[in-house]
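Construct the complete structure from the given sequences, taking the supplied hints into account.
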Amino acid sequence: MEAMPQTSVVFSSILGPNCNRQVQPGMGERGGGASSGSKDLIFQDGRLTSGSLEALMEHLVPTVDYYPDRTYIFTFLLSSRVFMPPHDLLARVGQICLEQRQQLEAGPEKAKLKSFSTKIVQLLKEWTEAFPYDFQDEKAMAELKAIAHRVTQCDEENGTVKKAIAQMIQSLLLSLAARSQLQELREKLRSPVVDKGPVLKAKPPAAQKDILGVCSDPLVLAQQLTHIELERVNSIRPEDLMQIISHMDSLDNHRCRGDMTKTYSLEAYDNWFNCLSMLVATEVCRVVKKKHRTRMLEFFIDVARECFNIGNFNSMMAIISGMNLSPVARLKKTWSKVKTAKFDVLEHHMDPSSNFCNYRTALQGATQRSQTANSSREKIVIPVFNLFVKDVYFLHKIHTNHLPNGHVNFKKFWEISRQIHEFMTWTQVECPFEKDKKIQSYLLTAPIYSEEALFIASFESEGPENHMEKDSWKALRPLSLTEPEDAACGRQTEQKTRIPSTLGWKEDKSGEASLAGVHFVYIFYEREDVEPRVMGGMAPSLRQLEISALIHLAWEGAACQEAQYGMVGPIPRAAWDSLEMTGQAIHREVS
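Residue numbers (UniProt numbering): 1 to 591.
Calculated directly from the structure, the hints in this document are not laboratory data. Computed from a predicted model, the values in this text were never measured in an experiment. Accuracy of the hints is not assured; some may be wrong.
[As the list claims (entries may be wrong)] Pair ranges (Cβ atoms, derived):
{"no.": "1", "residue 1": "Ala329", "residue 2": "Gln181", "range": "37 to 47 Å"}
{"no.": "2", "residue 1": "Leu444", "residue 2": "Gln167", "range": "30 to 40 Å"}
{"no.": "3", "residue 1": "Lys333", "residue 2": "Ala475", "range": "16 to 26 Å"}
{"no.": "4", "residue 1": "Asp210", "residue 2": "Gln167", "range": "30 to 40 Å"}
{"no.": "5", "residue 1": "Ala178", "residue 2": "Arg295", "range": "35 to 45 Å"}
{"no.": "6", "residue 1": "Gly365", "residue 2": "Glu138", "range": "44 to 54 Å"}
{"no.": "7", "residue 1": "Glu430", "residue 2": "Met84", "range": "32 to 42 Å"}
Beta carbons are placed, not taken as given, at the ideal position from N, Cα and C, and that holds for glycine.
Given below as structure tokens:
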């Protein structure tokens, strides 16, 4: 069998060349000391295909003469969380260990007690290395320490078993500390997709930098996108992927199982895809001149093609998705100037017909290249993440967890484990490209348009052509700072003074918005409202001015830059939430 792609020490030791190998007698069948539960295991051609949950748990625990196959350890530890939380499994493992220890102490094989303890420590070591975050739970950590205490009782003072356990615990605590620090950092940086950087007005100043001003080489940009992809996908763990199945099952059964905070890495990676798609659309729609928009589209087509050549299918799909968003796709005059032959090839690769058959063929080719790679560049495989997750979940849904006789359908979990293992080998590849902080900073922090702003910019570039587009533009017009250019006369309508709303811009009935003037604008938020209300008043009181100052401080804190009152950037809904108490105070003043 061919060697698997390069992976981490943990995964290569557990699921390296043995990943698809059948469980052989002597490795897959428990030796002496096995309980009657082993009779509930079913093998076909030497491969474990089903068994009762109890028998599968017993099959996980070593005996004096038996140690489970490492592929089985990984697969069962991964799949068991569908049936029970890790701390419950660990408690059952501890019970089985205690029963076997008591049998050894009472029987003629007491001399083998230390050998048994060494195997138990090895099992725990493999568990803590492959799934360290199972032990974030206090119950699981308590069970681990209890088992460790039992197995060390047979060890001499300062013996090898105690040293091995101490090293295992130390490594585990380091992994958990690193995870905790990463989660804290993520929570600080966490924000909705549309709040990625400030949301731009419909037409930014001409001097504002765009992606071509930062990087004009499609290959270099594709390499930097690959850097970002690998950094993000590297934080995904096997149990995160399995958590999707466990969570969906709990929803189907109207009960909660598992901690969904563990899937934040999945959510963050999925959000990255959406951010990249919206960034592509923003970069195209924000360009004023048709000639420059054409160049921007051709540039992203070349970037997507370079991503395909690298094996970065996720970024490629995100770019294509961004160019297929309605505000970009409707720019017919712009697209008529684009040389679309290369784009047609890319769309062919991502054609959704026949369950993305063309993409899967390309992915298979990239996988084969990775397995026989002579350089690190050839090892890169970044699949379309949403499709991978759907594949795993679909595999779970079309095959039952249990067979008619009540056995666990372990054949199903072998296949899920194989797919997740293959994905994990791809995540462990080290990016061979030199990192460009300037380009990555732009990709990660550049402002993006909201969906409404994209349509506004699109209609301002190329006016509505049919009744549906005209109706959309009519609804969006109040949110726009400027009217679209009239194709017939080449003029623009006069700008009006606006005040901000959560979705865009709302015109003040008075036409004025001066804090120091006669008119004063009250803006307050109520939870049941879709948008903040706007009311006019006369001669503000001292209390009203204090509230006004609080609002302006909050706006500045939300990174909404104010040039003049009436020209303030759109305020995120979260900012309004934080202003609820202030809004209530204003409401009382107005009432």
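Taking the earlier hints as the rules, which of them does this structure contradict? 4
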